[in-house]
Every structure is written in C-alpha cells, then in structure tokens.
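Asker: Using the sequences and the hints given, assemble the complete structure.
There are 2 protein chains.
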Amino acid sequence: MHVEYDGTAFSGWQAQGGSPVRTVQGTLEQVLSLVLQERIALGVAGRTDAGVHAKGQVASFVTRSALPLHRIARALAGLLPPDVAARELAVMPEGFHARFSAIERRYVYRLLDAPRPLLARQAWWPWMRLDAGALTEAYRPLLGEHDFAAFAARDPAKRPPKHGRCRVRRLAFVRWEHGVQLEAHANRFLYHMVRNLVGSATWVTRGLIDPADLPRILAEGKRSAAGPTAPAHGLTFEEVVYKEAYAPIGEHVDGWGRSLS
Amino acid sequence: MHVEYDGTAFSGWQAQGGSPVRTVQGTLEQVLSLVLQERIALGVAGRTDAGVHAKGQVASFVTRSALPLHRIARALAGLLPPDVAARELAVMPEGFHARFSAIERRYVYRLLDAPRPLLARQAWWPWMRLDAGALTEAYRPLLGEHDFAAFAARDPAKRPPKHGRCRVRRLAFVRWEHGVQLEAHANRFLYHMVRNLVGSATWVTRGLIDPADLPRILAEGKRSAAGPTAPAHGLTFEEVVYKEAYAPIGEHVDGWGRSLS
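Sequences listed follow chains A and B, in order. Residue numbers for the first sequence follow this note's numbering, beginning at 4 and rising by one. Residue numbers for the second sequence follow this note's numbering, beginning at 4 and rising by one.
Hint data in this document are derived by calculation from the structure and do not stem from the laboratory. Treat each hint with caution, since some may be false.
No copy labels: a pair is met if it fits in one copy or bridges any two.
[Said to hold, decoys possible] Below are the SDA-like pairs computed for lysine to any residue, each with C-alpha atoms no more than 25 Å apart in a straight line: (1) K225 to G59; (2) K225 to E180; (3) K58 to Q125; (4) K165 to E140; (5) K58 to L115; (6) K58 to R124; (7) K225 to E97; (8) K58 to D116; (9) K246 to W179; (10) K161 to T66; (11) K246 to A69; (12) K165 to P144; (13) K246 to R178; (14) K161 to S262; (15) K58 to T11; (16) K246 to L37; (17) K58 to H100; (18) K165 to R191; (19) K58 to E91; (20) K246 to G98; (21) K58 to P96; (22) K58 to S262; (23) K165 to Y194.
Predicted model only: the values in this text are computed from it and were never measured.
Answerer: Below, the structure written as structure tokens:
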C-alpha cells in the first residue's frame with residue numbers, strides 16, 4: 004500500500020515493541036490486524052523519524068485473509084485516524100517486499116522564504132533565504148557513491164548500520180512556490196542524513212562552511228565538521244522506486260476502494 | 004497589516020475581554036503593545052471563528068510611535084508564535100479602517116476528493132465527491148442581495164446583527180488540485196454562513212435538499228430548512244477588497260521588513 008501521513012503527532016514510523024508511544028506502523032498494524040482478523044506485520048520502504056511526513060511511503064504485508072482489497076481499503080478509510088491514510092492498495096507478486104524490492108528512495112525538504120503560518124507544519128523557515136543554484140553547485144561533489152558518515156547521526160534506538168555508503172543520484176536545491184526545496188534521491192539514506200544536508204546548507208549560506216571544503220568534510224567523515232540538523236517537520240518522504248519486475252497482479256484500488264486497474 | 008494564521012490553535016479572531024482564551028487579536032495586540040510601548044487596539048476586516056484560517060486577513064491600528072515600519076515588522080517576526088504572522092505592513096491615509104473601509108470579503112472553503120492526511124488541516128473530506136458544475140448551477144439563485152438568515156447561526160458571543168442582508172457577488176464551486184472548493188465573495192457574511200452553504204451542498208449532493216427548493220429555503224429564512232454546518236478547518240479567509248481611495252502612503256514593507264514600495 005501507498006501510505007500518506009502527517010508526521011507531527013507520530014513518534015516516527017517504527018513500532019516500539021509494546022510501548023505506548025504512537026507510531027505509524029503501530030497504528031496501521033493494529034487496524035489491519037483488526038480488519039483481517041490475524042496478526043499483521045508490515046514491511047516498509049523507509050523508517051521515517053519522529054515528525055517526518057510521508058506522501059508516498061510504501062508498506063507491504065502478507066495475509067491469508069480472503070477479504071477483497073476494495074473492502075480492506077474501505078475498512079482502513081473508516082478506521083484510521085485523520086493523520087494517516089492508505090492511498091492505494093495492490094496485490095503484488097510473490098516475493099515482493101516494500102523494503103527489499105526498493106531500489107531508490109526520494110525525499111523532499113521544503114524551506115520557506117518567509118514565515119508562513121499556513122505552511123509552517125510541512126516546511127521550515129530558517130530565518131534566511133537560500134540560493135538554490137549556488138547550493139546545488141556546492142553539493143555536486145556529493146553525487147555518486149560515498150560514505151556519508153559526516154552527515155549521519157547515530158540512531159540511539161537501532162544498531163549502527165553495517166556501512167555508511169549511499170549511492171546518491173540526485174541532490175538538487177530547486178525553487179518551489181514559497182521558497183527552496185532540497186530533492187534527494189538515493190538507494191538508501193543514513194539516519195538524519197537529509198536533515199543534516201539541509202542544516203549544512205544553512206551554514207554554507209551563512210559563510211560558516213566554505214563550499215570548497217565539502218568534498219573534504221565528506222571524505223573525512225567527521226560529523227562535527229558538517230552543519231546542524233534541520234528540524235524534522237520540513238521533511239517529506241515523497242516516493243519509492245521499485246525493481247522493474249514488480250507490477251501489481253490482481254486487484255489494485257485507491258484509498259476509497261475504487262478500482263485503479 | 005496583512006495577517007496570515009493557522010486557526011487550529013486559536014479560539015477565533017476576537018479577543019475575549021481578559022479571559023485566558025487564546026485568540027489571534029489578543030496575541031497580536033499583546034505583541035504590538037509591547038513593541039510600540041502603548042496600548043494597541045486592532046480593527047479587523049473579518050472576525051473569523053474558532054478554527055478558521057486566514058491568508059489575507061487585514062487589521063489596522065493607530066499609533067503615536069515613531070518606530071519605522073520595517074523595524075515593527077522585524078520585531079513582530081521575532082516575537083509572534085509560528086501560527087500567526089504579519090505578511091505585509093503599510094502606512095495608510097487618515098481615516099482608513101480595516102473593517103469600515105472594506106467593500107468585499109473573500110472566503111474559500113476547500114473540500115477533498117479523498118482522505119489526505121497532509122492536507123487535512125486546511126481542507127475537509129466529506130466522505131463524498133461534490134459535482135462542482137451542478138452545485139454552482141444550483142446556488143445561482145443565491146447570487147445578488149438577499150437576507151441569508153436561512154444559512155446563518157446565532158453567535159452566542161455577540162449581539163445579533165441588525166439585518167441579514169448580504170450582497171453576494173460570487174458563489175462558485177470550482178475544482179482545485181485535490182477536490183472542489185467553494186469561492187464566496189460578498190460585502191459581508193453572517194455567522195457560519197459559508198460553512199452552512201457548504202454543509203447544505205453536501206445535502207444537495209446526497210439528495211436531502213432538492214436544488215429547486217434553494218430559492219424557497221432562502222426566502223423563508225428558516226435555518227432548519229438548510230443543511231448542517233461544515234467544520235471550521237476547511238475555511239480560509241482569503242482576501243479583502245478596499246475602496247479605491249485607499250492606497251499605502253509612506254512605508255510599505257513585507258513581513259521581514261523589506262521595502263515593497
């Protein structure tokens with residue numbers, strides 16, 4: 004399923020083993036288990052952090068239930084709280100897994116040009132204006148496959164990743180209607196990576212980091228040489244790209260149960 | 004000043020005489036009085052209800068302070084909470100008043116085509132899809148000057164208005180990116196009027212009100228014959244139109260203090 008959520012009131016995606024913390028995974032698994040009358044465990048493309056939003060998160064599960072997909076969609080629409088929704092559901096071929104079948108994740112971090120109360124929940128006003136062209140140029144050396152340890156935090160809730168290598172295909176600051184946004188596409192992202200890239204961009208803008216030093220900062224891999232972590236609420240997990248082999252088989256419906264196939 | 008706010012956490016515009024309730028007027032007057040070192044009282048174009056948003060609300064005040072406008076703007080940007088901002092400030096000619104100089108108010112009520120968590124704070128999902136063309140047609144007899152008592156609630160906090168006549172210049176359901184919105188332009192609006200027009204549109208859609216009965220419902224002026232009140236969060240006060248005579252004199256700055264003149 005494609006899942007959209009407003010991350011503000013969630014402590015991130017990942018369910019925290021029986022603790023009463025409200026997570027997206029916990030909320031979805033609880034409702035799905037109720038609807039399908041069996042214990043559902045979700046796989047997911049990106050385990051977003053507390054406060055981070057998602058427009059095109061993808062989650063998958065296996066069920067023995069014979070309930071048609073359009074009825075599952077209707078039940079979810081009725082039972083989920085207003086800050087999370089399944090926007091699409093599809094039956095996928097054997098072996099598909101939301102996490103392991105994905106080849107690229109796409110994030111957007113939105114920044115504002117001025118304080119905008121009606122946009123402030125999903126975009127950050129950094130008290131400065133960013134130069135999209137100059138920053139895209141400055142970040143060009145970060146494209147390709149590198150160890151991004153300099154831009155990663157240690158996730159206290161998880162084991163450290165086996166390695167810090169990410170293959171970054173796109174890292175562009177582009178103007179949107181109300182400011183500048185960083186579009187980041189990669190096969191994987193480290194903890195806080197996009198937010199640290201944005202925080203570092205504010206330091207570049209303020210002259211605290213010389214753009215010419217970025218390749219060295221990346222190569223040395225010392226977190227303390229990069230900039231601060233931008234707040235979670237500006238970040239949205241936009242999209243996931245899957246291996247070509249995977250296409251829906253059988254029912255494919257929207258969040259209201261209408262056929263899309 | 005042009006004021007933008009996210010109405011979610013405010014009990015409407017109007018300050019409630021010393022009560023601890025959080026209002027937009029109270030928040031702005033407190034900060035302005037601090038910045039200008041005198042007691043500031045705001046006039047306003049539209050006293051929006053609890054939960055209603057504003058993108059182009061207009062408020063005016065008189066001050067003896069000699070503080071330049073760009074410094075007032077900067078101070079407001081620094082002191083206001085993130086859910087309200089002054090987007091523009093201008094020095095206006097003698098006699099200008101945000102409320103009494105206005106000739107038209109413009110509201111937009113946004114409805115969704117499907118549950119959308121990332122849009123749910125500023126648009127309503129009514130569990131049905133509306134037909135924009137058919138509803139615009141059905142509401143055509145409401146254009147022009149009429150008594151809109153059938154679509155008005157009694158505001159418990161205020162004296163009832165002297166009369167219910169409103170000159171409605173536009174009342175159109177149009178498609179936006181994620182659904183249908185009602186655009187309502189009139190010289191004035193009664194309490195809950197736009198929300199009741201939207202609630203009635205859902206009843207027309209469900210077949211509970213025959214569109215042919217709308218002129219009679221309007222003429223008879225019985226609130227019970229119209230539909231329910233749509234929730235506040237879908238409504239945004241978009242814009243105010245002023246008499247032509249009024250244009251900024253002197254300083255005119257944006258919310259960050261930059262000159263716009």
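Asker: Hints first: check each against the structure and report whether it holds.
Answerer: Outcome of the hint check:
Taking the shortest Cα distances, K225 and G59 never come within 25 Å of each other, neither inside one copy (32 Å) nor across copies (46 Å). Taking identical chains as interchangeable, the C-alpha atoms of K225 and E180 are never at most 25 Å apart, the minima being 35 Å within one chain and 44 Å between chains. Taking identical chains as interchangeable, the C-alpha atoms of K58 and Q125 lie at most 25 Å apart whether they share a chain (11 Å) or sit on different chains (16 Å). Taking the shortest Cα distances, K165 and E140 never come within 25 Å of each other, neither inside one copy (30 Å) nor across copies (63 Å).
For the homomeric pair K58 and L115, the shortest alpha-carbon distances inside one copy (19 Å) and between copies (16 Å) are both at most 25 Å. For a Cα distance limit of 25 Å, the shortest separation of K58 from R124 qualifies both inside one copy, at 14 Å, and across copies, at 15 Å. When the C-alpha separation of K225 and E97 is checked against a cutoff of 25 Å, the pair qualifies neither within a copy, at 42 Å, nor between copies, at 60 Å. Proximity of K58 to D116 under the C-alpha cut-off of 25 Å is found in both arrangements, the shortest distances being 23 Å within a copy and 16 Å between copies.
Within a single copy, K246 and W179 get their C-alpha atoms no closer than 29 Å, and across copies no closer than 34 Å, so neither meets the 25 Å cut-off. For the homomeric pair K161 and T66, neither the shortest alpha-carbon distance inside one copy (27 Å) nor that between copies (57 Å) is at most 25 Å. Neither within a single protomer nor between protomers do K246 and A69 lie at most 25 Å apart by alpha-carbon distance, with minima of 27 Å and 65 Å respectively. For the identical chains of this complex, K165 and P144 are intra-copy neighbours only, at 24 Å inside a copy versus 68 Å across copies, given an alpha-carbon limit of 25 Å.
In this assembly of identical chains, the alpha carbons of K246 and R178 never lie at most 25 Å apart, being 30 Å within a copy and 35 Å across copies at closest. Taking CA atoms no more than 25 Å apart as the test, K161 paired with S262 passes in neither setting, with 39 Å inside one copy and 50 Å between copies. For the identical chains of this complex, K58 and T11 are neighbours both inside a copy (13 Å) and across copies (22 Å), given an alpha-carbon limit of 25 Å. Taking the shortest Cα distances, K246 and L37 never come within 25 Å of each other, neither inside one copy (31 Å) nor across copies (59 Å).
Taking the closest pair of Cα atoms, K58 and H100 come within 25 Å of each other only inside a single copy of the chain (19 Å); across copies the shortest separation is 43 Å, beyond that limit. For a Cα distance limit of 25 Å, the shortest separation of K165 from R191 inside one copy, 13 Å, qualifies, whereas the shortest one across copies, 64 Å, does not. Within a single copy, K58 and E91 get their C-alpha atoms as close as 11 Å, which meets the 25 Å cut-off; across copies the closest is 32 Å, which misses it. When the C-alpha separation of K246 and G98 is checked against a cutoff of 25 Å, the pair qualifies only within one copy, where the shortest distance is 12 Å, while the shortest distance between copies is 67 Å.
Within a single copy, K58 and P96 get their C-alpha atoms as close as 23 Å, which meets the 25 Å cut-off; across copies the closest is 47 Å, which misses it. In this homomeric assembly, K58 and S262 come within 25 Å of each other (Cα to Cα) only inside a single copy, at 20 Å, whereas the closest approach across copies is 37 Å. For a Cα distance limit of 25 Å, the shortest separation of K165 from Y194 inside one copy, 13 Å, qualifies, whereas the shortest one across copies, 61 Å, does not.
Hints 1, 2, 4, 7, 9, 10, 11, 13, 14, 16 from the list above are not met by this structure, while the remaining hints are.
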